[in-house]
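A.B. asks: Listed below, chain by chain, are the residues.
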Amino acid sequence: MIDKRVASLAVAVAGVRDGDTVLVGGFGNSGVPVELVHAVLDLGVRDLTVVTNNAGSGETDIAALIRERRVRKIVCSYPRSSGSVWFEKLWRAGEIELELVPQGTLSERMRVAGAGLGGFFTPAGADSPLAEGKEVRVIDGRRHVFEEPLKADVALIKADRADRWGNLVYHSAARNFGPVMATAAALTVAQVRAFVELGELDPETVVTPGIFVDRVVVA
Amino acid sequence: MIDKRVASLAVAVAGVRDGDTVLVGGFGNSGVPVELVHAVLDLGVRDLTVVTNNAGSGETDIAALIRERRVRKIVCSYPRSSGSVWFEKLWRAGEIELELVPQGTLSERMRVAGAGLGGFFTPAGADSPLAEGKEVRVIDGRRHVFEEPLKADVALIKADRADRWGNLVYHSAARNFGPVMATAAALTVAQVRAFVELGELDPETVVTPGIFVDRVVVA
Amino acid sequence: MSELASEPSAQRLDKRQLAARVAQDIPDGSYVNLGIGLPTLVADVAPPDREIIYHSENGILGMGPAPEEGTGDPELINAGKQPVTLLPGGAYFHHTDAFVMMRGGHIDITVLGAFQVAANGDLANWATDDATLPPAVGGAMDLAVGARRVLVMTTHTTRDGRPKLLRSCTYPLTAAGVVDRIYTDLAVIDVTPDGFVVREVVPGLSRDELQARTGAPLRFATDT
Amino acid sequence: MSELASEPSAQRLDKRQLAARVAQDIPDGSYVNLGIGLPTLVADVAPPDREIIYHSENGILGMGPAPEEGTGDPELINAGKQPVTLLPGGAYFHHTDAFVMMRGGHIDITVLGAFQVAANGDLANWATDDATLPPAVGGAMDLAVGARRVLVMTTHTTRDGRPKLLRSCTYPLTAAGVVDRIYTDLAVIDVTPDGFVVREVVPGLSRDELQARTGAPLRFATDT
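Protein chains in written order, with numbering that gives the first Met the number 0: chain F, 0 to 218; chain S, 0 to 218; chain D, 0 to 223; chain U, 0 to 223.
Hints were generated in silico from the structure; no laboratory data involved. One or more of the hints may lead you astray.
[Unchecked claim] Each computed EDC-like pair below joins lysine to aspartate or glutamate, with the alpha-carbon atoms no more than 20 angstroms apart:
| id | chain 1 | residue 1 | chain 2 | residue 2 |
| --- | --- | --- | --- | --- |
| 1 | D | K80 | S | E87 |
| 2 | F | K3 | D | D129 |
| 3 | F | K72 | F | E87 |
| 4 | S | K3 | U | D107 |
| 5 | S | K88 | D | D129 |
All figures in this text were calculated on a predicted structure; none of them were measured in a lab.
Produce the entire structure from the sequences given, and follow the hints as far as they go.
C.D. replies: Right under this line is the structure:
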């Protein structure tokens, strides 16, 4: 029998290791799997590459991981915000590496990783310094840059409800990166508000089918 | 005020022209926009390039378009079925061109067209004769073939319900190619079972947001 | 399968037995895509105590058996265009997402039919050399490159007795080096870096008789 | 906007007036993405008789105004991370789909802020030459290349009085040749194959005065 529900946050993140690439859902403070990130913090793992849209703010979740020097490198589109104090501090000190990726490219690189594709050409960023060192090709009269799949060891995401097969539905704009990150990691863990019985989620409205999800935990 | 509802099938397909590339939803007999295809047949347009998974069966819809010599070329993954009599007849006579595309590649080529990307590398078909004449690149130790966006003039799809903004929900496996085709055409027309008032569709469960849809008609 | 008429002692598997033999190797909890034709039988004979989630390329996870006559949803069909049902916990999604699952390594096991399989794992299952038929490929190439484990289910030889397991395929490839294991009416054979390795043979068929029906050298697991 | 203190007769637009001028050019029924900062104001002053569907990169179509204090959904925010609401007919979707809309030519109009705009339509709005700030790009590049019409909304000059409209950008580009029209506190200016063409100037500002604040030659539409 399939049962992806786990009883604790500690079990949910078991197996995350030093050096892992970890996708973390969320956009600003919307949809961030705060409790899962704290569980990873508690694991004590280091040298993480964290892929997420923003670089954390304040003292919690991603910012806490950065503050505690667990993050070797961050891959994101917008690391700068009023509260991104810890990222900026370590970045200025040269203690954290930044790979800046246009937001649509970030999302699409994870998608092609999850889709088993080898990469894609996008016009976004092709005229900018972010294309330096990358293959540029003129397609249909427009410059495009080649972008590679971005595959991860772990994805931590936040959804609203889950069943034991791992089917997920989300809540409003907290959906953001969750569905694509779920496809791109070897281990996908979702924290949810509540579990529901198998069959309670309308099959027409499941957003992330359970095939992309390995563990679900209530938090 | 936005109102994408139209009163008749004739109005729904107005503007389809000789030589157009037309995406037609459906997989087997599931999700085929039969009435819209018949409305295009009634228009009398010729030299169409039809992109669809199968090549029609029996005497209706796509098969009828083929029988009436309206289709110059068909782009599909599986043109052969027990009922694909008209396609096979014209294909043997050299009267219709076939571009065979692996099913996942067919779907993805429309997706990248709708997504404003310049193309992608896929391992599907890279070891087969379907890769002949195309760029092949070894990525991560595996052969990949470069595939181009497939953009169209018109998409004809079938959904279950629509509102005046063009938001769509589908019915069971009739969803198939509808959502991706809606993104890839200059003019997207959906036939639906019923109209609903704006706000009746749960925003969490809209499958095709209205931004991808130009006209909806009940059929 | 008239090719076996000359070996009456060989207890070759019929279609249902072959399907059951494949099903035996599909673990509880697997995500499985069954190719059209013969492989579809696997779902009918899978052990009832295993929870297996069947995927269909047209946007279904959690496919159930055929509906009772007259009760089906006409839009709810499998890849072979036959009516099916949806189990509790199932989900619908669009075609592009269905192929994310197939090509992206999310399907644990696919069971495919074959025209030919080569000793290096090359698979030919979409086109023959018959130029009078239009070519058709469907989702076979995406599945073959993308599923974690590719099982082939086929008669050991063609209707006119020619081997389907070969040194190299003569028909156009579906994908190169992808097949993990082959289940035929005569044997279960792994594709290994050393070529075909036979795991099981039906009772009443000698090694030499199996080799005679096979177009590439066979090794036998019990020898190693 | 202290740079205008020396021209007391120029009736420069304040932020709200500038937003209203932009809104005037957004037709009924448009799909619109407003960049963070100044452009967000456009939604607040759009003519109420027009139905405009606002898109946000984090997966929203049909965004409505900010919620009343204390009533908002904390997860429902716009690209600038401010609380918003959803109108009837709105929809949620995931990030990848949001960028299909942005990059794929489905957004009719985007209104973006700018550090610099060149006479050939080049846009620089994501990075300056300040190396003490980490770079940040967000969705600007996808929007700039993908929206059907790119409008820039900005002060005509920097805080210290340097022109933002230039012969060519000195800051790193967001995208080349994408800007269609520029709305500033002093003028409305089209980007054409012949460079900048002024459509409107605020009352009290002469052509020479506008040219003096602009880093590239201006032509005037009323001359053509």
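A.B. asks: Does each hint fit the structure? Answer for all of them.
C.D. replies: A quick look at each hint next to the structure:
1. D:K80 to S:E87: Given that 20 angstroms is the threshold and the Cα spacing comes to 19 angstroms, the pair holds.
2. F:K3 to D:D129: Violated, because 48 angstroms separates the two Cα atoms, which is more than 20 angstroms.
3. F:K72 to F:E87: Given that 20 angstroms is the threshold and the Cα spacing comes to 13 angstroms, the pair holds.
4. S:K3 to U:D107: Holds. K3 (chain S) to D107 (chain U) sits at ~16 angstroms (cutoff 20 angstroms).
5. S:K88 to D:D129: The given pair, whose Cα atoms are some 16 angstroms apart, holds under the 20 angstroms limit.
Hint 2 from the list above is the single one not met by this structure.
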